[in-house]
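Participant: First to last, the sequence lines map onto chains A and B.
For what it's worth, the working numbering labels the leading residue of the first sequence as 1, then goes sequentially.
For what it's worth, the working numbering labels the leading residue of the second sequence as 1, then goes sequentially.
Among the hints, erroneous ones may be present.
Examples of chain B residues toward chain A, derived with CB under 8 Å [unchecked claim]: (1) 40; (2) 71; (3) 74; (4) 81; (5) 95; (6) 98; (7) 101; (8) 120.
In case anyone wonders, no lab produced these hints; they're calculated from the structure.
We put the beta carbon where it would ideally sit given N, CA and C, even for glycine.
Here are the chains, one letter per residue:
Protein chains: 2
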Amino acid sequence: MLTALAGGVGAARFLAGLVRAVPPAEVVAIVNTADDEEFHGLHVSPDLDSVTYTLAGASNSEQGWGLAGESFRVLDALARYGVETWFRLGDLDLATHLFRTQRLRAGAPLSTVTAEIARAWGVGTRLLPMTDDRVATRISVRRDGGVHECKMQEWFVRDRAEPEVVSVRFEGASTARPAPGVLDALEAAEAIVVCPSNPVISIGPLLAVPGIRDALVARRDRVVAISPIVGGAPVKGPADRLMAPLGIEVSCAGVARAYADFCSALVIDEIDSGAAEAVEAAGVRAVVADTMMRSPEVAAALARRTLAAVA
Amino acid sequence: MLTALAGGVGAARFLAGLVRAVPPAEVVAIVNTADDEEFHGLHVSPDLDSVTYTLAGASNSEQGWGLAGESFRVLDALARYGVETWFRLGDLDLATHLFRTQRLRAGAPLSTVTAEIARAWGVGTRLLPMTDDRVATRISVRRDGGVHECKMQEWFVRDRAEPEVVSVRFEGASTARPAPGVLDALEAAEAIVVCPSNPVISIGPLLAVPGIRDALVARRDRVVAISPIVGGAPVKGPADRLMAPLGIEVSCAGVARAYADFCSALVIDEIDSGAAEAVEAAGVRAVVADTMMRSPEVAAALARRTLAAVA
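Chain A on its own, in the form it takes in the complex (with noise of 0.2 Å):
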């Protein structure tokens, strides 16, 4: 059994890759839900949606987001009611909102809710929230000579991620538990894969859960990254922006520091290849891949790479 870390859209690609390189129902992926949020009343989960979606193969791939064959007809008739509609809920997106907030409502926990939306995608991946309590980020920005704390979507969506980032906290992790499932699944992972996903707001939620953190540090020969930043910059999102101010250098390097404690080896693009030394300097095994994923077949083979690297 293999286990991932996953956030959103990165892991997803990834997450396609590894499920052609191993039987799907070998994988237990457990993702963030700090980005969930509420909107119009619903509760929406991006990161969840973002991998059920990609495994599903019903993603679109050119938008980068959301689904495919995707419209906006409810969002653009909620606008006549003066509603901020600047998070892009898409119909057939909303029709998950609607019964993922329904079960909730019911009593559903959202372990449960995350496993039958799966199942109605076809999704033979297992896939756990983080946890069934309420984590959200909130990020404090500097706007206006002060600091004020916004929710993450309102930052990275409404304000396209442009204020300044002074601090990150992840509201309700302290008490958080982990999922049913969750302890579980990195106790007996042959391997554990961490995304290249945000280190910050990706997987730092996941290690803030009480637990998460303490059972990978005990596995950590398992443990391996895939490093989300290439190059110097984010393959995609706003991981700069996040990093930086936190302290954590923007560099497969800086990575490899962030994650040493808990990961032995870490996958670095090609183009990085010459921050190997830094990265081991860290601790840290470094294994050059060729990390962009630019389709399915790309992917696999890199989670083929990854999977090696702790074999």
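On the provided structure of chain A, position chain B as indicated by the hints.
Facilitator: This is chain B only, laid out in the frame that chain A set:
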């Protein structure tokens, strides 16, 4: 000021005529909410929405319900999750339900949200839910040799009004309070119009909210109704399936007898002119008019004739 008691589609058509006959701002419509139901976790108010959309000129006139140019992307996507989708909520309509539900959850009373929705649609007529409290029509039907109670929409939409009705009750009505403005609108009105709506499940719930029937009785000489029964059958909808089991004759005379204690005049269709005597035998003045609202112009003429009856 004119006050109307309204159900759904028939009332909406009449009101669209009324606001051509008199300034829209002089009309207050008190609308049945006992058909309100939760679908997919959203609060749906079918009658309020029918009236709003029709007065906004946005209703689907061919289909007879819902919005023009409607689509069903979300609902069709919801089917993936195995939920029941027999209540056909359109995408544009869903935006209204999302907005309403979120406002209600935030603590706004239905009357406030109704005003917000009407304003967003540019409706100049004041729309009031009959109550801000929860009243729900429950229908007992004969099935499989027994009597089973179901929700109004289950009987009407899911079961196409086919199961034989044994009885009807309005859950919550006895403790419901008229929404703010309802009793004032009845007391202050120059005329009170009971729209051509289902007497049992559209007008019935309004009468069941404590205070409303008494207010009508007190103004009986100013209350005029339009018969929803023409030629011994409802113009639209299942009124006959409900009236007969409850001992109300399916005729304009039957309507007259049901309304006689609070209503001094009944507008009946030309086709029913022979029934004028039976109507008047119930103590209700009969006014003959063309009640088949083929167009807003016909509805406007009907509205003028109706108002003249109690001028």
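Participant: Next, verify each hint and record whether it holds.
Facilitator: Tested hints:
no. : hint : in the structure
1   : 40   : 5 Å, holds
2   : 71   : 6 Å, holds
3   : 74   : 5 Å, holds
4   : 81   : 4 Å, holds
5   : 95   : 3 Å, holds
6   : 98   : 5 Å, holds
7   : 101  : 5 Å, holds
8   : 120  : 5 Å, holds
Checked against the numbered hints above, the structure breaks none of them.
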